[in-house]
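Participant: As a plain string of letters, each chain reads:
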Amino acid sequence: MSRKTKGNLFVGAMLVCLGISFGTLAWLLGTTLVEGLPAISKQLFTDPPSTVPEEAGARPAILATIYLAVLLLLMAVPIGVLTAIYLEEYARKERWYNRVLELNIQNLAAVPAIVYGILGLAFVVRGPVGVGRVLLAGAIILTLVVLPTVIIPSREAIRAVPDSIRQRGFALGATKWQVVSRQVLPASIPGIATGSILALSRAVGETAPLLLIGALQYVAFDPTVLGPFTALPVQIYTWVKLPDPAFQTLAAAAIIVLLAIVLTMNAFAIFLRNRYRQTW
Amino acid sequence: MATHDVTAPSVPAVREIDLSPSSRRLGELFVKLILGLAALVSVVTTVGIVISLLLPALEFFAEISPWEFLTSTEWAPLFEPGTFGAVPLVLATFVVSFWALLVAAPVGLGTAIFLSEYASPRTRNVLKPILEILAAIPTVVYGYFALTAVTPLLRSMGVQVEIFNVLAGGLVLGVMLIPTIASLSEDAMSAVPRDLRDGAYGLGADRLQVSTRVVVPAAISGIIASFVLGISRAVGETMIVLIAVGQLAQISFDPRQPMETMTAFIGATGNGDLPTGSIEYKTIFAVGLTLFAITLVMNVISIRLVRRFREVYE
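In order, the protein sequence lines correspond to chains U and A. Under our numbering, the first residue of the first sequence is numbered 1, with each subsequent residue one higher. Under our numbering, the first residue of the second sequence is numbered 1001, with each subsequent residue one higher.
Derived from the structure by calculation, the hints contain no laboratory data. Glycine included, C-beta positions come from ideal geometry on N, C-alpha and C. Among these hints, one or two may not hold up.
As the list claims (entries may be wrong) - Label pairs and their computed distance ranges (CB to CB):
1. G1036(A) - I40(U): 31 to 41 Å
2. F1098(A) - V100(U): 44 to 54 Å
3. I40(U) - G1082(A): 36 to 46 Å
4. G132(U) - V1047(A): 43 to 53 Å
5. G1082(A) - P245(U): 28 to 38 Å
6. L73(U) - G1036(A): 17 to 27 Å
7. L1033(A) - V100(U): 13 to 23 Å
8. R275(U) - V1300(A): 31 to 41 Å
9. V1300(A) - L73(U): 28 to 38 Å
Said to hold, decoys possible - These stretches of chain U come out as covered by chain A in the derived footprint (C-beta under 8 Å, 3 or more residues):
10. 3-12
11. 19-31
12. 116-124
13. 169-181
14. 245-259
Modelling step: build the complete structure from the supplied sequences, incorporating the hints.
Facilitator: Okay, here's the thing in structure tokens:
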């Protein structure tokens, strides 16, 4: 076989690889749309779930997912960004506890989400915190799940700000916090925002830890922060499990809503990243 | 570095100058405290995970011998009397991961080589966001897809799969892993310095040879790290296997059969109203601890491997 044929075969093989990814993506989106679009109706957004598929909606689940996203924005983003600032601007690398902290975050990033669910079951729902199977418990656990995914890109964004900017501030007599809060943070906002939005979008679709926190329940009323809840992905799982094909159709409709939320957030993050791509 | 037998040159004594602020700034200290507290959340999380798994798991192992848990092949903890052999769960986890990696390793690596060595910047800018979409799809959606699209397709192709089966779940799990493996492998390949490629081209190599005999070997530890992280992800993934692979704890190597992975057991059992302190309740933690230990080992291996390839060229 000539060199050229070999080269072409290799390119062909790589194109097959790309085709598998993109073909599957198109197939997944296609089947979901075909199955679910006819079932998208006002009822899906206004009615609670029901044992009769014709009367079932996902209003409590959709609302709870929005509440969860807002709570995550208030908890995961500040804690994550502050941790990133600590690690990049304040922590002295030679100290053992800072190295442990860094390794710890790397490991947390790869702990399976369901293990966080076990933590929630033992400590947040029952045990020391003991708030019960409520929305706040879900928000706390999802915060912990996505914290590393906020911290890691935020650190990268902060690290990308050149030292000359910091030194400029110090030379003018600014204190450390003044330099960090008025020079470094504003300059790294696009990177931090991109990472945070991606983390939130991941949390919105997260299902497994919520199962253990008790989100798998019948909730017929609008959720409250300290009340029982079910979230949109959990609602989808509930419907997928039911044998009646009418519920599969409802699941597909709910998946379209979930994908719309998640993919919009992703598109926005990618847009932010491209729009404010900074080179120093 | 060469050592010289000369005594250190006489350096003029430097007078220590105190550069610390003349007055203590309480505001700055306060900021540092807040930042430290935020960083502490991660540490508390880890400690919390370990304690929450370990304490109930120890109680579990006081009643059921670890030997039985790790070697017995009968898993029926919710029966009376229960049997607690975790072998079927661990086996199922690795069988599903095997099928997933069978898809994700070659496809992810091929994608990475294409992105790193062949694609123009413009093509990359189109392809990468599509991969990111693949990575953004919630796993419950992949589970639905495996159950309602892939399994029927396998059946129509003449593969006699059960409704819940290892094959559909494993293959879809593999697709989910492609972006992870592709992007980590690509990072490793991009870190290979240009000189190595130019040297090979200068010797008359073509692009295929440069890619497969220079870049891939040079980036191999990063590529293996991406595979290890991929397996770790597959081991920890819950929703796809819970929905599509089923909840039948059995020892089988037939991918057309349903099985129950560790995560599927935790997900299916943990949502019930099991009374705190019952042996069934503690089972969740024993299985969770096993899962945590397996993924922790893989993550440590993967982090080590990534560090190694980073150190070589810096």
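Participant: Now look at each hint and say whether the structure bears it out.
Facilitator: Okay, the hints, checked on the actual structure:
{"no.": "1", "hint": "G1036(A) - I40(U): 31 to 41 Å", "verdict": "48 Å, violated"}
{"no.": "2", "hint": "F1098(A) - V100(U): 44 to 54 Å", "verdict": "34 Å, violated"}
{"no.": "3", "hint": "I40(U) - G1082(A): 36 to 46 Å", "verdict": "45 Å, holds"}
{"no.": "4", "hint": "G132(U) - V1047(A): 43 to 53 Å", "verdict": "23 Å, violated"}
{"no.": "5", "hint": "G1082(A) - P245(U): 28 to 38 Å", "verdict": "35 Å, holds"}
{"no.": "6", "hint": "L73(U) - G1036(A): 17 to 27 Å", "verdict": "23 Å, holds"}
{"no.": "7", "hint": "L1033(A) - V100(U): 13 to 23 Å", "verdict": "19 Å, holds"}
{"no.": "8", "hint": "R275(U) - V1300(A): 31 to 41 Å", "verdict": "38 Å, holds"}
{"no.": "9", "hint": "V1300(A) - L73(U): 28 to 38 Å", "verdict": "32 Å, holds"}
{"no.": "10", "hint": "3-12", "verdict": "holds (count 5)"}
{"no.": "11", "hint": "19-31", "verdict": "holds (count 8)"}
{"no.": "12", "hint": "116-124", "verdict": "holds (count 7)"}
{"no.": "13", "hint": "169-181", "verdict": "holds (count 3)"}
{"no.": "14", "hint": "245-259", "verdict": "holds (count 6)"}
Checked against the numbered hints given earlier, this structure breaks hints 1, 2, 4; the rest are met.
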